[in-house]
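Residue numbers (the working numbering), protein chains in the order written: chain A, 7 to 565; chain B, 454 to 832; chain C, 59 to 455.
Honestly, the hints are just simulated from the structure, not real lab data.
In this text, all values refer to a predicted model and were calculated from it rather than measured experimentally.
Among the hints, erroneous ones may be present.
Mimicking BS3-like on lysine-lysine, the simulated pairs with C-alpha atoms at most 25 angstroms apart in a straight line are [what the hints assert, rightly or not]:
| hint | chain 1 | residue 1 | chain 2 | residue 2 |
| --- | --- | --- | --- | --- |
| 1 | B | Lys576 | C | Lys225 |
| 2 | B | Lys571 | C | Lys378 |
| 3 | C | Lys212 | C | Lys160 |
| 4 | C | Lys443 | B | Lys711 |
| 5 | C | Lys225 | C | Lys290 |
| 6 | B | Lys679 | B | Lys790 |
| 7 | A | Lys163 | A | Lys124 |
| 8 | B | Lys790 | C | Lys160 |
| 9 | C | Lys290 | C | Lys279 |
| 10 | B | Lys576 | C | Lys378 |
| 11 | C | Lys212 | C | Lys225 |
| 12 | A | Lys240 | A | Lys273 |
| 13 | C | Lys279 | C | Lys133 |
| 14 | C | Lys443 | B | Lys790 |
| 15 | B | Lys576 | B | Lys790 |
| 16 | C | Lys250 | C | Lys212 |
| 17 | C | Lys250 | C | Lys133 |
| 18 | C | Lys212 | C | Lys158 |
Derived list of chain A stretches under chain B, where covered just means 3 residues or more per stretch with a C-beta under 8 angstroms from a C-beta of chain B [to be verified]:
| hint | segment |
| --- | --- |
| 19 | 386-399 |
| 20 | 496-503 |
| 21 | 508-519 |
Across the chosen pairs, the derived CB separations fall in these ranges [said to hold, decoys possible]:
| hint | chain 1 | residue 1 | chain 2 | residue 2 | range |
| --- | --- | --- | --- | --- | --- |
| 22 | C | Ala410 | B | Phe722 | 52 to 58 angstroms |
| 23 | C | Ser264 | B | Glu577 | 30 to 36 angstroms |
| 24 | C | Asp269 | B | Gly615 | 34 to 40 angstroms |
| 25 | B | Glu577 | A | Ile483 | 26 to 32 angstroms |
| 26 | A | Gly279 | B | Glu577 | 54 to 60 angstroms |
Where is the CB? At the ideal position from N, CA and C, for every residue including glycine.
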Amino acid sequence: MRKHPNPNPSPDTNPNSNSNLNSNSSSNTVPNQNQSRSPNPNDRPPDSPSQAAPEADPRSEAPSSEAVSSRLEDNRQRMESRFAGCGDLEIRPWRFGPNSELPAFSVCFDTLVRTNAKKELAETLRSFVFQDADAANTAEEAIRRLNDRGASSTPAKPIDRFDLAVQEVLDGQIVVFFEGWSCALGFSALEVEQRQASEPITEPSVHGPHVSTIESIDSNIGVIRNLLKSSKLKFVFRTAGEDTRRRIAYGYMDGIVQPETLAEFEKRVERIGGEEILETSYLEEWIGDSLYSPFPQVRYTERPDTAVASLLGGKIIALVEGSPSILICPGRFLEFFMASEDYYYRPIYSTLIRWLRVAAFLIALMLPSTYIALSTFHSELIPTVLLLAILNTREGIPFPALVEALIMEFFFELLREAGIRLPRPIGSAVSIVGALVIGQAAIQSQIASPVMVIVVALTGIASFALPQYNMAIALRILRFPLMLLAATFGGLGIMAGVILVYLHLATLRSLGQPYLAAPTPQEVRRLRDAFIVLPRRALLRSSRNRRPNKEPMREKSMP
Amino acid sequence: MNRGAGSAAAKQDRIGSVQMAVLFLFFMTGSSIVIIPAPLTNVAGNGAWLSLLIAWAAGALLLACVLYLNRRYPGRSLFEYGREALGNAGTALLLAPFLCVMFWHVAGIVIEIGLFFKSTMLKETPTYAVNSVLLVTIALTVRAGLEVMARMASVFLGLMFGAIVLVLALVGPLYHPEYLMPVMPDGIGPILNAAYIAYGFPYAELAVFAFILADVKERDSAKIGKRLYLALAVNGLTLLVSVACSIMVLGPLSGDLKYSLYQLARLIFIREIIERIESVIGFSLIVGFYFKTSILLHILVRALGLAFRLPNERILVFPVALLCLLLSLTTYTEEAKMEEIVSIVWPLLDNLVYVAPLLLIAAVTALRGRAGRSRGRDV
Amino acid sequence: MRTFARLTVIWLMSMVAAGCWDNRELDEYGFVQAVAIDRQDDGRIKLTTHFYNPSSKSEGGEGAKSAQNSKSAQKGINIRTSGDTIFEAIRDIPMKLGRKAKWDHMRIILLGERLVRTQNIGEVLDYFSRDHEPRGTVLPLIADGDAGEYLEIKPFIEQTIGQQFKKMETDGSQYSAKTSRVPLYELAIHLKNPSRTAAVAYIHRSGPGGDVVISKVAFFKQGKLAHVLEEKDAEDRTGSRTEAPGRDRRSEAGEAGRPRNRHPDLQKESEALETARARLGRSVRPHPVPGPGGGSHAQHGVKRRNAVRYEGEEVAMYGKMVCLLVLGAAMLLADGQALREAGRRERIVYGALAAPLLYLGLLFVTQWPWPNLDALFDLLAAPAKRIVGGLNPAASS
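In isolation and in its complexed conformation, chain A is listed as follows (with noise of 0.2 angstroms):
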């Protein structure tokens, strides 16, 4: 197990340093300890998920949250009936004090909390208790003395509002209430299983870093900020969610970004409010500006690279706890031909990659309505020898062409959907079935043509080809009306979708930008960098990297 990085304290959820700390009353006896009630942390029943509980009395307490008492059974009795049907919580008594009559209890997760951490501050009561004779009895004193023997690794933190204390539980810490004080303290102590970073599973490269983001996200921006090691990169965190309260943080470079891009994404981020947020994704309906263009206008990544590089480049980043996704905003059409790959090859490996994606774009997107369009309405145009093969084997197929792609198309569909579902061991088995023993046997009854077979795999690979996978499913979507419109109006309906396509994208926009580049002399360049790529040096004096306000590099020397 890894060790869990210790959270930065969230804006609102931070305690206020001054606490009222009721004078400790030395006046109370000692409760007695009822050990049937509190779980002992070996003896769990088995089926309790560890979840958040099921609230005993809803949230109508006043917002005005009252304060910890300072009995220790009134704290007690009020989280045993706040967290009432928590299996995994684990309430443990201790005793304080110079003859160690004065009660505590320990509240936290056990499935939440790291053992050594529970053994440490055991160790620690045991030994507060046991060494302190005069005992500490006000609540700066418990935790100086605390803090010099070491409880945990991290200051505690004094706790005085009873909701507090139940967030901090549901955060990983260890609460523990006093006997006499209306404040307790917390240890924070999260750890959870992470997965370790491996290769990136959707954005495997060749050459360049093989490491991933994971689900954690102060690992995330730890990897980041061990990348771009400057004071000028700014994260912001926040929460969201009534009941996840997940952790969002967004990241920029503070004099890159464009001060009115990242004013309107500030305003849509205000706008989440108390939407629960699972996944980065989520988002993106947020942020986005167009919900129903099946284009995406934002990038996801799970490389660090590729968000450092899109970071200097004067784009925002953002990142949910839990998911590995980063996302990338603003996000234009051009960009997502290009991967961060292109700038660790020589250029022109790159330019031509970058034009066999474009390449792969129209492919993808108008391969099987201009078969149908050929095949159907305009025959003339296909060269005669071409068309004569064609002619053989379309002799006997009882199925119109449209019908044939349809049909064809539904079923590579079908294919590509069981097989992101299906497990490794069986999923090479569906690929070996589907494309050739299903293919072939389609061919040899007669069902579909030889020709339609290679139309139907050359778009499926083309659409593989493009690097950002929300873009082709953008593509996969449009693909279908597109073949209706050739089926109908034939080279017309095909040109009529296209430029309805095309307008589409002219009137997109990404956070308030325009989602095409317009012709104006900026946006050129920026158009011949999608198009082109150039050596580094060459770039880094054009105005594509750097914002107005940033000057070009000069050459300086390594220190």
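On the provided structure of chain A, position chains B and C as indicated by the hints.
Frame of chain A; chains B and C shown alone:
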């Protein structure tokens, strides 16, 4: 879909002068590049390029007039300076036919596209289907706004001119420069006749640009004149070259075949592979048609908005487009009548209805200006 | 719960038991592609049934080149049976084939000329009309000579000879108009008309040992073959009857209005048509077929004005209306929201545009020659022509 919201477009879209010049170039070249060489060569034979020159010169003069008006009334468009020059009633009288004929103008171009498709690629499809598809696309484009159209224009321009250059280049082996001679076998008459046709279509039509020249961003408006002349020059050159090339390839046949550039494309044959590319060329040319119609529809809707002083005329796009569609399906459904109107009636019609009011307003403005100056320089 | 379980079990078992009667695999049937009916010398009916012979694709695909000819001959099997009636002949088929015949996919019925000269065609085709399997869209053909021989011919471009003949009749009647396309149900309707006349397409050889061709039209009177119309006359007849797509019928019919030597029945029909045309101002497609009674029916058609339209025209009008409605609905849907938010002026102008829209829509759908913009433009035609004439005295247009 993220169309320009009605409320947000209360202010007009403004575009840069370069974009306006691009739109102008499209407008002039879009449909004429496909249609023009044929009727001219039909009438004037080898001297068609001369008539084009004459018509182009007339068009340049007309452009000068339009730019003059634009300078005299900065930031305002035809209706507005018509009202200033001639008063409300006079303007209404003069410009009402302008609007009505513009409706038919849009329909006329759509009829042309429909005829092109019916005669070349889609013979069985009923006219209403082809025209509907086209007008739906056009209406959606116009509805998206002038700014979006300007953004799309650059790609389409590249496509169209690329196709033209490609055709004219690939047809290279088939050129016979001797077909260009003799130039005027029958005297000046046919040349003038062809010039009359060419002047009617497309050059006199540039008068409609008086409606939207004011939509250029203010800081750019000084340079608009130069850019428009440049666009006109490019247009003239392109048409000239295409006429000359079609004569060089087809010789005396060039008047008989409609859609000369398309016919040229059909003749391209380089080693079995590069043949039958007329479809690709055809579509690029159709893109020119489509975009010209979009610009014209936009001007029409804008003119309607100016005529009735509507704050937001974008809502009218669909009914106007539907009206133009129905006009295209009910008038001049026979090809022969359509040809007749294009070559004979249309130049007279659009000069009467487009150019004459413009000239009148310009004349009134000039006279008033002189009168104002002679009375001494007040403000 | 237990009763429910029991009922379910009983139901499931009965499912297994039921449905065994009609359940048959595909390869238990022989699929008839064409049938030829003749009269033998001894007066009995000779039936030649052409079955499709499915060859397995794999051997067909690889050994295709060498077995080309035999493959297509193997594609069809002719079974000859005879009997006193057609029904008896049909019942004998499984005796010779080994499979039950399935008539659903039959394409054509060939009837020998000798048979239909002597017997009422309605009786001959009675079995095919009444049985549930043969479809009404099958095409009957009258064959010159022995019908069964025509089924021996190998199909040249289609898969089976039945399909071949069907396409020949369909496309031949559409594009060359020298024959007619008459499906079985239409023939049945015609046979029931008061004049008891019918027309069927004719198949023959263009010379001894020549190509098979489907042209000419066979006329039936009282159900028996009366006369075979030659190709030229068949063309004229088609011209005066219908507006076939792809040809301008009106001009052709006008020319054919005065034919050389036409069949008297046909002459009467065309005269009746001309009268009707003159009365209506447009061409007529009479519902009944030529015959002495044809004239009255054409007059009958005059009264029912609404019914007298071209089929093609009806479809086109329907298409236009659908197109217009779809576009109008889309427009209103798209603009509905914006209209509600728009100001008064915009709404007025929008409404003002609706009036010419409706007018033009009406013109479009009905194609009435009401005034339109082109009438206005035509006013300028004369001065424009004068200008052109002035510019170019040698103007050719």
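Checked hints:
no., hint, result
1, Lys576(B) / Lys225(C), "22 angstroms, holds"
2, Lys571(B) / Lys378(C), "17 angstroms, holds"
3, Lys212(C) / Lys160(C), "22 angstroms, holds"
4, Lys443(C) / Lys711(B), "22 angstroms, holds"
5, Lys225(C) / Lys290(C), "21 angstroms, holds"
6, Lys679(B) / Lys790(B), "39 angstroms, violated"
7, Lys163(A) / Lys124(A), "16 angstroms, holds"
8, Lys790(B) / Lys160(C), "57 angstroms, violated"
9, Lys290(C) / Lys279(C), "21 angstroms, holds"
10, Lys576(B) / Lys378(C), "17 angstroms, holds"
11, Lys212(C) / Lys225(C), "15 angstroms, holds"
12, Lys240(A) / Lys273(A), "17 angstroms, holds"
13, Lys279(C) / Lys133(C), "38 angstroms, violated"
14, Lys443(C) / Lys790(B), "14 angstroms, holds"
15, Lys576(B) / Lys790(B), "19 angstroms, holds"
16, Lys250(C) / Lys212(C), "36 angstroms, violated"
17, Lys250(C) / Lys133(C), "38 angstroms, violated"
18, Lys212(C) / Lys158(C), "24 angstroms, holds"
19, 386-399, "holds (count 5)"
20, 496-503, "holds (count 6)"
21, 508-519, "holds (count 7)"
22, Ala410(C) / Phe722(B): 52 to 58 angstroms, "55 angstroms, holds"
23, Ser264(C) / Glu577(B): 30 to 36 angstroms, "31 angstroms, holds"
24, Asp269(C) / Gly615(B): 34 to 40 angstroms, "51 angstroms, violated"
25, Glu577(B) / Ile483(A): 26 to 32 angstroms, "30 angstroms, holds"
26, Gly279(A) / Glu577(B): 54 to 60 angstroms, "58 angstroms, holds"
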